[in-house]
Every structure is written in C-alpha cells, then in structure tokens.
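The opening position of the sequence shown corresponds to residue 1 in this note's numbering, with each subsequent residue numbered one higher.
None of these hints come from the bench; they were simulated from the model.
Among the hints, erroneous ones may be present.
Said to hold, decoys possible - Subject to a maximum C-alpha distance of 30 Å in a straight line, what follows is the list of computed DSS-like cross-link-like pairs (lysine-lysine): (1) LYS30 with LYS19; (2) LYS41 with LYS30; (3) LYS27 with LYS41; (4) LYS14 with LYS27; (5) LYS29 with LYS19; (6) LYS2 with LYS19; (7) LYS41 with LYS29; (8) LYS2 with LYS27; (9) LYS14 with LYS41; (10) LYS19 with LYS41; (11) LYS41 with LYS2.
To be verified - Quick list of the computed label-pair ranges, beta carbon to beta carbon: (12) LYS30 with LYS2: 29 to 37 Å; (13) LYS14 with GLU34: 33 to 41 Å; (14) HIS64 with ASP33: 34 to 42 Å; (15) ASN32 with ILE7: 16 to 24 Å; (16) ASN32 with GLU4: 21 to 29 Å; (17) LYS14 with ASP76: 15 to 23 Å; (18) LEU44 with ASP79: 12 to 20 Å; (19) ALA3 with ILE37: 18 to 26 Å; (20) ASN32 with SER11: 21 to 29 Å; (21) ILE5 with ASN32: 28 to 36 Å; (22) GLU57 with LYS30: 29 to 37 Å; (23) LEU36 with HIS66: 17 to 25 Å; (24) ASP9 with GLU42: 16 to 24 Å; (25) ALA55 with ARG22: 30 to 38 Å.
For glycine and all other residues, C-beta sits at the position ideal for the given N, C-alpha and C.
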Amino acid sequence: MKAEIEIGDYSSDKGVQLKWERGYSVKVKKENDEILIMANKEGLISLANHLLVLAQEGVEVGTHIHLDAYNSLEEDSIDLIIERRA
C-alpha cells in the first residue's frame, strides 16, 4: 500500500505546526506499566503526521510535541510528549 500525506510544517522560530485530520479522536492512558494509545482512523493518521513532522530534516534535537486533554486528547487522557532525539 502506498499513501500520500501532506505533513505539517516546522520552523525554528514557530516550532512544530500540527495537522489534525477532521474527526480525529485520540486517548492515552496508563495501565499497569504500559502506555495505551487508542485512536480512530483519523487520530492514527494525525499521530503519524506528527511523527513525520518531527522526523523532517532540520528539526532540532529536543523539539517536541505535548498533547494533553486540554489541547488535543480525549478527556481523562494522560499527557503525551514526543521528542526528537539525535
């Protein structure tokens, strides 16, 4: 399968520009010692997009996205931080 996706932008002065698919739903919770990420199709595509943004050339080490119930995740979700490493 081959899919095309338009990924969000990154600039050192504006940071990561997240692109969410219409109708997305993402919930993150901790069960025992595991983190569970649950998402519908649109949520999974959105998360894939965010990972691709962080993987772009020129994205600085330490650049991260912070997702929580106040800005993007479902109610009762725990915070999720994804950070670019070297």
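For the hint 17 to 25 Å, verify it against the beta carbon of LEU36 and that of HIS66.
holds, 18 Å
The hint says 34 to 42 Å between HIS64 and ASP33; measuring C-beta to C-beta, is that right?
Hint violated: Cβ distance 23 Å, outside 34 to 42 Å.
For the pair supplied as a hint, LYS2 and LYS19, is the alpha-carbon distance within the 30 Å limit?
holds, 20 Å
Cβ-Cβ distance between GLU57 and LYS30: within 29 to 37 Å?
33 Å Cβ-Cβ, so the 29 to 37 Å window holds.
Taking 21 to 29 Å as the stated bounds, is the beta-carbon spacing between ASN32 and GLU4 within them?
violated, 38 Å
Can you confirm whether the C-alpha distance between LYS14 and LYS41 stays at or below 30 Å?
holds, 28 Å
Between LYS27 and LYS41, is the straight-line Cα distance small enough, at 30 Å or below?
holds, 13 Å
If you draw a straight line from the CA of LYS41 to the CA of LYS30, is it 30 Å or shorter?
holds, 21 Å
For the pair LEU44 and ASP79, does the Cβ-Cβ distance stay inside 12 to 20 Å?
Check passed, 19 Å falls within 12 to 20 Å.
Falls inside 28 to 36 Å, the C-beta gap from ILE5 to ASN32?
holds, 33 Å
Are the Cα atoms of LYS29 and LYS19 separated by 30 Å or less?
holds, 22 Å
Cβ distance range 21 to 29 Å for ASN32 and SER11, holds or violated:
Given about 39 Å between the Cβ atoms, the range is violated.
Consistency with the previously given hints fails for numbers 14, 15, 16, 17, 20 and 25, ordered from lowest to highest.
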